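**Student:** Chains as they are written, first to last, in the numbering used here: chain R, 1 to 440; chain E, 1001 to 1297.
Hint data in this document are derived by calculation from the structure and do not stem from the laboratory.
This structure is a prediction, so every number in the text was calculated from the model and none was measured.
Take the hints with a grain of salt, since some may be wrong.
The calculated SDA-like cross-link candidates involving lysine to any residue, where the alpha carbons are at most 20 Å apart (straight line), are [unchecked claim]: (1) Lys128(R) / Phe1049(E); (2) Lys52(R) / Asn69(R); (3) Lys158(R) / Leu1045(E); (4) Lys346(R) / Phe137(R).
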Amino acid sequence: MSSQHKLWSLVVIAGLFFSACSMPARFKPKNTATTPDGNPSLNGTPGKKHTKIEVFSWWVGGGEAAGLNAMIKVFKAEYPDIDFENAAVAGGAGTNARAVLASRLQAGDPPDSWQGHAGQELIGTYVKANQLESLNFLYAQEKWLDVMPKALIPLISKDGQIYSVPVNIHRANVLWYNPKILAANHLTVPTTLDEFLADLEVLKSTNTIPLALGEQWTAMHLFETVLLATLGPETYSGLWTGKADWSSPEVRKALENYQRVLQYTNSDSSTLSWQDAAQLVVDGDAAFYIMGDWTEAYYKELGKKPHADYGWAAVPGTKGVFQFLSDSFVLPVGAPNREGAIDWLKLAGSKEGQDAFNPVKGSIPVRSDTNRSLYDEYLQSAMDDWAKDILVGSLYHGVVANDSWKTEINTDLGIFLGDRDIDRFQAALVAACKSVGTCS
Amino acid sequence: MPKLKNADDYLAIALITPSILAVGVFVYGFIAWTLRVSVSRWTGLLPDFSLVGLRNYWELYFDPRFQIDARNLAIFTFVFVGGALLLGFVMAVLVDQNLPGENFFRSLFLFPMAISYIVTGVVWRWLMNPAEGTRISGLNQIFESMGLNFLISRWHTAPVWGIAAIALAAIWQMSGFTMALFLGGLRSISDDVREAARVDGASEWQLYRYIIIPLLNPVTLSVVIILGHISLKVFDLIVSLAGKQLALDVPAIYMWQATFDGYFFGRGAAISILMLLIISLLIIPYIYFNLKHEADL
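Please model the complete structure; the sequences and the hints are all you need to start from.
**Tutor:** Structure follows, in structure tokens:
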């Protein structure tokens, strides 16, 4: 046994050693010129106060990281006295980052600001735990209510308090299609669910995949758009506030539609990422794909041309409705550098900040007064729709349901993908709504 | 407690104290903490330690997802432990034949163990690609080009038994390790025993069936325990090979999603405790057996 204990002590000592080596950068003095003892607030150069802010996100690659860097550049130009520390955590649409954030918050060590999906993902998790400050004062001071859509505000507020600054808008209910496959089969772009199902049926007899689908979360994305298409915006939104009934025949109809649509998807969906599935369309393997408009940035990255290689439309049955999601920044209670964080939020909500971030990220600005010429053809069409469409929130992307509810629905949906039992699925959705307290 | 005799004993105690403290806090302390959380109501970021008794466990018992997890775990453990045991034994017997190139094959079979589960998962993700038609690739493509179309499989996307495909990758990784243990066991069996059996007229089959395999029983037990507890904790292999999807869900993945995606801390802790209990069912009798065995010596 003693040799085992020697081994244990070695392991523990090695562990302590390595954890000391890999201590996060925030514990170490970063800029020796201004912060020799690692305590920036006491060490400003005379006259000007030199501080730093730490901003937490899951933007580590592609257009997201490029967009963030563009915004950081503008920030540094405007606030040269604030060091910007980019604390990004990689992985899976933010699931890893949120786990890290949760443990930091529980340890009482919040970053100065963090990125989160606007809506219930922030409200139902962090506001409920009293971790966020209301930003109504900033909205009034910066007059953001005049330039942001009125219908957006209730979706990102709780009890009249706004808790985040949205920097971009993505659209979830977009149908991507391969124009050549549609032409070859004499099909037009469907506008209703029935037309869509008829088109899928025609394509089923060809050797192309009618509808591309990826791993489980893309199935949830498809689910929320079919739910919206079947129920319409009012009932769909009601589901998340307790005003509409999950056990209604309309919801059952939506689940039936979802089941029908699923029959036309590729059998290897669970092994494909959203990019893999998106690529099926531009490679000519699949005709349709339902995914958010970050898909367009990916198509451009692949060197594909709009109209020739891919086309877009609202998901059939959702024309005139904009199912949105939004990345936003917050002000935590107990931010180490509250003033710096507010400066960052001002930039995130400003015209300059949004015009720096969005063209690179491939999303549209929240504000209505931005420079339209910076955006490409798809984004301009999305900006037009954003200005005039009915707004509803996305489920998977955190607007309408908090993380707990979303996780329960994800489990129920995963079981449904296996057993395809509509009765059980609907009962589980009713139970999920009750378990989070939205339904009685 | 034996009386301390000299400076050596004090040094020994001083040296093991940090590890005892560390193990006490970081292993047993956190097990106790997890147990406490598992009987609490805690959901969401704010801790809520109000006691709910065994409700979290009770709910898991009726949870359809946990039933899928239990089924998957049973299939995975059965296929993985059985397959690795069988393959490892066969490889050990082959390597044990004193043929030239033994060292080469021994290393070859052992190498997969040096790879992490993440890497294994990524490689087998490519190999077991279930795509059809023109996009066919990996093993399925090899089978197709060889005309072995009946072997083309949906691999881990097959309903119910998909998890067994994941176990294939785990067998590939761990059977070399099993071989090494069996080889050590085989080498420790004296040639006299084999020769005595042969003199008595035993065939090679009878020699293995009645002499060698029974003599290897302690090794087999160790292998089952080691592979068994690896199998019950499996997480990284599945996530890197197939992502987090319900068809291939196991308790460790459910624990992660319940705790960190859904903030159901009470439920996540209950799953952890259940996993610990299942593993204890394997480990505790083993430790008991070992200690008793040592005491007998």
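**Student:** Between the alpha carbons of Lys158(R) and Leu1045(E), is the straight-line distance 20 Å or under?
**Tutor:** holds (17 Å)
**Student:** Holds or violated: Lys128(R) with Phe1049(E), Cα cutoff 20 Å?
**Tutor:** Judged against 20 Å, a Cα distance of about 17 Å means the pair holds.
**Student:** Hey, Lys52(R) versus Asn69(R), does the alpha-carbon distance stay inside 20 Å?
**Tutor:** holds (16 Å)
**Student:** Between Lys346(R) and Phe137(R), does the CA-CA distance stay at or below 20 Å?
**Tutor:** Answer holds: Lys346(R) to Phe137(R) is near 12 Å, not above 20 Å.
Checked against the numbered hints given earlier, this structure breaks none of them.
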